[in-house]
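Student: Residues per chain, in single letters:
Number of protein chains: 2
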Amino acid sequence: MRRFTVLFVLFMIMGCNSMATRKQKQMATDTFKVYPIGTVSKEDGHTYLVIDKEYLPALMGLERFSHVTVLYWFHLNDTPEKRAVLQVHPQGKKENPMRGVFATHSPMRPNLIAITRCKILSVKNNIVEVDKIDAFDKTPIIDLKN
Amino acid sequence: MRRFTVLFVLFMIMGCNSMATRKQKQMATDTFKVYPIGTVSKEDGHTYLVIDKEYLPALMGLERFSHVTVLYWFHLNDTPEKRAVLQVHPQGKKENPMRGVFATHSPMRPNLIAITRCKILSVKNNIVEVDKIDAFDKTPIIDLKN
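For the protein sequence lines, the chains are Y and D, in the order given.
Using this note's numbering, read the first sequence as starting at 8 and increasing by one per residue.
Using this note's numbering, read the second sequence as starting at 8 and increasing by one per residue.
It is worth saying that the hints were derived from the structure and are not from the lab.
Hints may be right or wrong, so weigh each one.
[Unchecked claim] Below 25 angstroms or equal to it, Euclidean Cα-Cα: the simulated SDA-like pairs (lysine to any residue) are: (1) Y/139 to Y/104; (2) D/101 to Y/72; (3) Y/89 to Y/99; (4) D/40 to Y/112.
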């Protein structure tokens, strides 16, 4: 009986590990992981890109540019239902005929990546002030490019 | 002794489950999931964006446009080590002084998203032919925009 229980425990442990490994493998092949690198912050008429301090070295030299391309995540649409929407009325106007989301820049799309170009006002440590951005306060930022 | 073993097995099962739940919760809050929606295919001097058939409805209307913005994943750099690189010599040239990756469009960056603009030659079913793309054959495509 005791031998049987020990074997059972061993199988349980192996089972848990193999399930976890399988899940990780599936994740690795079927999806890519995107980490937020900062957050949009709107305060008293100012707009800031607050970059996480661990990414401070990645901002070196940005102050020399007049503009920056900001990639952010449409986090309010991050549900399986909204990500399954493949056709929309452009600009949300019913009078615009339905169109595939890949022929629009709708915030409804399988991968919730937004691209916008902003004018840089200043870069101070990990905070980039821009003139404005078409994103809500607290929106996760996922990349900056130049 | 038997009671002890039963308890031990129960704790093992609970432990495994709670670890998995914690991991899922952490994943959900700290990262976003990006699904490949197609693949770059280069054949006999032609360049195709082969979109997965499940996303065919999302292409409706794209044929009316002359150009498309293609987002793809720098999949060859998808390792923790490469994603931790925060400064590079722009264009990979040592004579260019080091700069933060957020002030470049280097393929080394925390989130491996590439943006490029392509001229559309044709749209046939789920296949968009473009004149050229600065991506390797078999690169995963993650979004198209207009």
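Student: What hint numbers does the structure not satisfy?
Tutor: Hint 1 contradicted; others consistent.
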